[in-house]
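A.B. asks: What follows is the residue order along each chain.
There are 2 protein chains.
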Amino acid sequence: MDSPMGNLPDFEKAHGLVSAIVQDASTNEVLMHAWMNETAWKRTLQEGRAVYWSRSRKALWRKGEVSGNHQVVREILVDCDGDSVLLKVDQMGGAACHTGRRSCFYHKVVGSSFRIISSPLFSPDDAS
Amino acid sequence: MDSPMGNLPDFEKAHGLVSAIVQDASTNEVLMHAWMNETAWKRTLQEGRAVYWSRSRKALWRKGEVSGNHQVVREILVDCDGDSVLLKVDQMGGAACHTGRRSCFYHKVVGSSFRIISSPLFSPDDAS
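Protein chains in written order, with my numbering: chain A, 25 to 152; chain B, 25 to 152.
Hints were generated in silico from the structure; no laboratory data involved. Please note that a few of the clues may not be correct.
Distance condition first, Cα-Cα at most 25 Å in a straight line; then the derived BS3-like pairs of lysine-lysine [said to hold, decoys possible]:
(1) Lys-112/B x Lys-112/A
(2) Lys-37/B x Lys-82/A
(3) Lys-37/A x Lys-82/B
(4) Lys-112/B x Lys-132/B
(5) Lys-112/A x Lys-132/A
(6) Lys-132/B x Lys-66/A
(7) Lys-132/B x Lys-37/B
(8) Lys-132/B x Lys-132/A
(9) Lys-132/A x Lys-66/B
Computed list of chain A residues with no C-beta within reach of chain B, every gap over 12 Å [claimed, not checked]:
(10) Pro-28
(11) Phe-35
(12) Gln-47
(13) Met-116
(14) Gly-117
Every residue, glycine too, gets a C-beta built ideally from N, C-alpha and C.
Take these sequences, add in the hints, and give me the full structure.
C.D. replies: Right, here's the structure in full:
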């Protein structure tokens, strides 16, 4: 049986911004981590495309608006306490990261150092 | 070639707390989302077991300390801007969520409702 959304996600508890984890719908690779305010959440549900809140620009961020590399949302899950959401997406253009890499998680910890484990698929200038 | 960790993760930029995404090392299922301060990060690296910062209790949280359901860390990745880390873990006891479920992400959005998609593996009282 389905239940009304109620306070999921719980924007009030999360001081206005919930954490958004973005995962490749096919491979489960984690592509990026972003933020959503309530408007971004509602737009994402309405449009079926990922819309975030940019903390640095203090503005809605329609992912791929400029580059065309948007994210088609296949599934959304909300966590137990309502302050984190998980988006399973199809990443258009192949890269989620502003550096042009598929995933933002490309620094692998190796002992007390890190190793860069992926290369940009295209010029970062085209990735916004 | 490996590089020194430098300011990765960037705790200063992240106002002391970075976001930690926790993924099953075998299946890539996202199990939970938590937080780390610099001490939690260093303990995790030292111990090879996940240590977080509990924002509600304002204390270090050695995951599974009480229940035995700790997380053995197999791989750690840091994102492009250093304010989010990804832990690939083996979840002892099968459940990461305090409700006794495998994953904290068990509310699936279905239209304007949600559906609970998993059941507790054991009593929540045993899951801390």
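A.B. asks: Against chain B, does Gln-47/A keep a CB gap of more than 12 Å to every residue?
C.D. replies: Non-interface label fails for Gln-47/A: nearest chain B Cβ at 6 Å, not farther than 12 Å.
A.B. asks: What's the verdict on Lys-132/B and Lys-37/B, does the C-alpha distance respect the 25 Å limit or exceed it?
C.D. replies: Violated, at about 32 Å.
A.B. asks: Evaluate the condition: distance from the CB of Gly-117/A to the nearest CB of chain B exceeds 12 Å.
C.D. replies: holds, 16 Å
A.B. asks: Confirm or reject the statement that Phe-35/A sits farther than 12 Å, beta carbon to beta carbon, from all of chain B.
C.D. replies: holds, 15 Å
A.B. asks: Checking a non-interface call: every C-beta of chain B should be farther than 12 Å from the C-beta of Met-116/A. Is that right?
C.D. replies: holds, 19 Å
A.B. asks: Taking only the CA atoms, is the gap from Lys-37/A to Lys-82/B under or equal to 25 Å?
C.D. replies: holds, 16 Å
A.B. asks: Is the hinted pair Lys-37/B and Lys-82/A satisfied, with a Cα-Cα distance of at most 25 Å?
C.D. replies: holds, 16 Å
A.B. asks: When you check the alpha-carbon spacing of Lys-132/A and Lys-66/B, does it fall within 25 Å?
C.D. replies: Status holds; Cα separation ~15 Å.
A.B. asks: Need the status of pair Lys-132/B, Lys-132/A: alpha-carbon distance at most 25 Å?
C.D. replies: Measuring from Cα to Cα gives roughly 31 Å; hence the hint is violated.
A.B. asks: Would you mind confirming whether the straight-line C-alpha gap from Lys-112/A to Lys-132/A stays at or under 25 Å?
C.D. replies: This hinted pair holds, its Cα atoms lying about 23 Å apart.
A.B. asks: Given the hinted pair Lys-112/B and Lys-132/B, is their alpha-carbon gap at most 25 Å?
C.D. replies: The given pair, whose Cα atoms are some 23 Å apart, holds under the 25 Å limit.
A.B. asks: Does Lys-112/A sit within 25 Å of Lys-112/B, going by the straight-line distance between their CA atoms?
C.D. replies: OK: Lys-112/B and Lys-112/A at ~18 Å, within 25 Å.
Hint violations for this structure: numbers 7, 8, 10, 12, all remaining hints satisfied.
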